[in-house]
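Going down the list, the sequences are from chains A and B. Count the first sequence with this note's numbering and you get residues 1 to 412, in order. Count the second sequence with this note's numbering and you get residues 1 to 302, in order.
No lab work stands behind these hints, which were simulated from the structure alone. Certain hints may be false.
[Unchecked claim] Here are the simulated DSS-like pairs of lysine-lysine, each with C-alpha atoms no more than 25 Å apart in a straight line:
id : chain 1 : residue 1 : chain 2 : residue 2
1  : B       : K174      : B       : K268
2  : B       : K114      : A       : K58
3  : A       : K19       : B       : K114
4  : A       : K19       : B       : K5
5  : B       : K277      : B       : K114
6  : A       : K274      : A       : K400
7  : B       : K277      : B       : K298
8  : A       : K400      : A       : K348
9  : B       : K189      : A       : K23
[What the hints assert, rightly or not] Quick list of simulated restraints, FRET-style, between CB atoms:
id : chain 1 : residue 1 : chain 2 : residue 2 : range
10 : B       : G30       : A       : D197      : 33 to 39 Å
11 : A       : L223      : B       : N213      : 45 to 51 Å
12 : A       : L167      : B       : A13       : 44 to 50 Å
13 : B       : E19       : A       : I261      : 16 to 22 Å
14 : B       : G30       : A       : E168      : 53 to 59 Å
15 : A       : L154      : B       : N213      : 41 to 47 Å
16 : B       : A302      : A       : G21       : 58 to 64 Å
Idealized CB from N, CA, C, for every residue including glycine.
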Amino acid sequence: MNKQVELKNKRIIASKHVKLGQKNRMDQTYTDINDIFFKAEQTPNFLTGSEVIREAIKRCSVGTSVAYPITPQSEAAALIGEIYAEGYLDEYFRGESEFAVMGQCAGAAFGGHRVFTTTAGPGTLRAMENFPMWAGARLPIQVCVTCRGVNSPLSIQPDTLEMYYLLETGMLVWHAETAQDLFDFIMKGFIVAEQPDVHVPIAVCCDGFFVTHTKDTVDLPPLDLTLTPYDPYQNPQPVMDMETSPIRMMRDPFVMKSNYISYATHASWQQEIKAAVERSRKHTIPLLDGLIDEYNADRELLIVASGTAVSQSREAIRLLEEEGIKVGLVKIKTIRPFPTEEIRRVTKHAKHIFVPEFNVVGWLAREIKAIIPDNERVYVGPHVCGGMTMPSEVIVEQIKIQLGMETTPLRM
Amino acid sequence: MSKEKIQICEDLADVMPPEYQELVATATYGNQDRGWKDIGSSKELIEQHSLCAGCPESIAFRYILASLPAPEDTVFVGSTGCTSLVFPHVAVHNIHSLFGNQNAIASGLKRTLKSRFPDVEKDVVVLAGDGATVDIGLDMTMQSWFRLEKFTTICFDNELYANTGGQESGLMQKGFVAKMAPKGKNFEKVRLAEIAREAGCAYVAVLTVSKPNRVEQAIKNAIYVAREVGPSFVQLYTPCILEIGKQSMEGLDEMKDSETIGGRFVQKEYITDEAQKLLDSIKEETKARKKAAKEAKKSVNA
């Protein structure tokens, strides 16, 4: 399992790109990510989540973005079109379906571009066959998933069920709580995903509407700084541009061969993808300041959550505090890789662990139950679904019920 | 890529496989007049293949690879099927990602290569079977033509799903009894060439692979048009001798029969005026270049 990393003075390896310090056609200076986040002055801006996606992509030196409308990501995808028209990206177009869009993204990444796209809910599921393909082909594409319900009857409402489907695709899966997280995760996500020893795709997820369609104050680095470009030749696989020798890859294709070497090749490759996701920890920890955030995590009552469920929990904790009930909070930022050691450590003294979630299955609770001792401590919930909000009072009530305390019925 | 990039570092020359040494020594990289006649005398970009003995697809692969105007700057996009068993043997960069998404991959790839190498013409060529092109992938095939994406799509039409064991496909002829069409296919062979023409392809060709010179011309035309004008499409009949009950040596006859008058694969082309103009000018240039080369040779000999 992952070892604890001392965070003090840790920084992700600085970019050595030849264009570092040079200017692009938008007069932005290619800058190392450490300097963008830890040296440059950050200025508060009041923006919607969709605008935050636009602001992040303006500073990411993206080559290609492919768009397709689906609520609640349509606005962000269209805003990226606007900055493409201004000159921030090299290529941008509308695909014909999410399955095709993810293929177009793959083509652009095979050819050596930094690639960004957005999707949501049914779109994520329609695109699903592509995600393990991206991972297997080691394409560090970033997809921003603005989570939405995937059920029938038709729904456009927020719901994080789709993230559950992404967990074993071989992608990095990060979950933003706020618009600030979303901005930071998009920019930092490219850098982590593109490290030569990682080089797998990343899904930066946020809760649709709650994050995309609300306004929040977000600290932004100056617009005249942009990430150093993606260097395709750092790819552990050959870039498909005929700029490297076209050796015949093998004498016998591994597909359909029923022999040991074929099985061993596939097996080791699958393990390598999993290992690559694990190796992302060391780059992620300094950039995100750990895979989790903890607040009074030594308390006996603990809430562990990700996404906007964290925000609701913060308020629930304040309400409980007024009644003298002290609850700690753990915010999980990366679902893949999962912060196994971190969660084991922070839950060591907890007697009750609550996992509020915006989906019907309670997948985050399952993930936690699977890795900690005495997992009957985990209370799966409260969870809401179908686009329902999760008032802080619901979390308060559930905690009280679990503790055998009297509650007053909630009026919604 | 220039031919220099495939050169072997001297210290490692003795450990490089003989195929690679031959590639460096005798491949036709960089010769813009390369063609099917180089097969057998120059290093080919494919040696072995893992297809059935006598499979017309294998010879189609040889003709196509020999006809590429610039293999040193060509990237192939394949799909799932018999072709995906061959690509790992091919000495040109190639992508296999999923079944049916080949034209989506090629769209992203071509735009990226254009953006990364504005001064070099990087040819992108899709090569997929009829199931991938017409059935599962028709959406993406046609949408790439609607968008006028500048790459070439080649369809190996064997009129069925060969790799999975002979199931009905959209390009199968009406009435043919196959797996999943136990009473015979009950609708006509999809008219893909006409769809391609209407969807925006500037150059469309339908033919068999019985005559290598014709294949060479169609492939070259398609790639030249894709560089300058717009999308191009070549549909090649590569019968699956196994699934239509023929012997290894009968593939050629099957193709010849199907291209005679009244057959399903009588050679045809649809060319826009703009594409025709381009092809005519290239023809003139090639003629002049070959003539000049001949003169130069003569004068050297004299």
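Among the hints numbered above, which are violated by the structure, and what are their numbers in rising order?
6, 7, 9, 11, 14, 15
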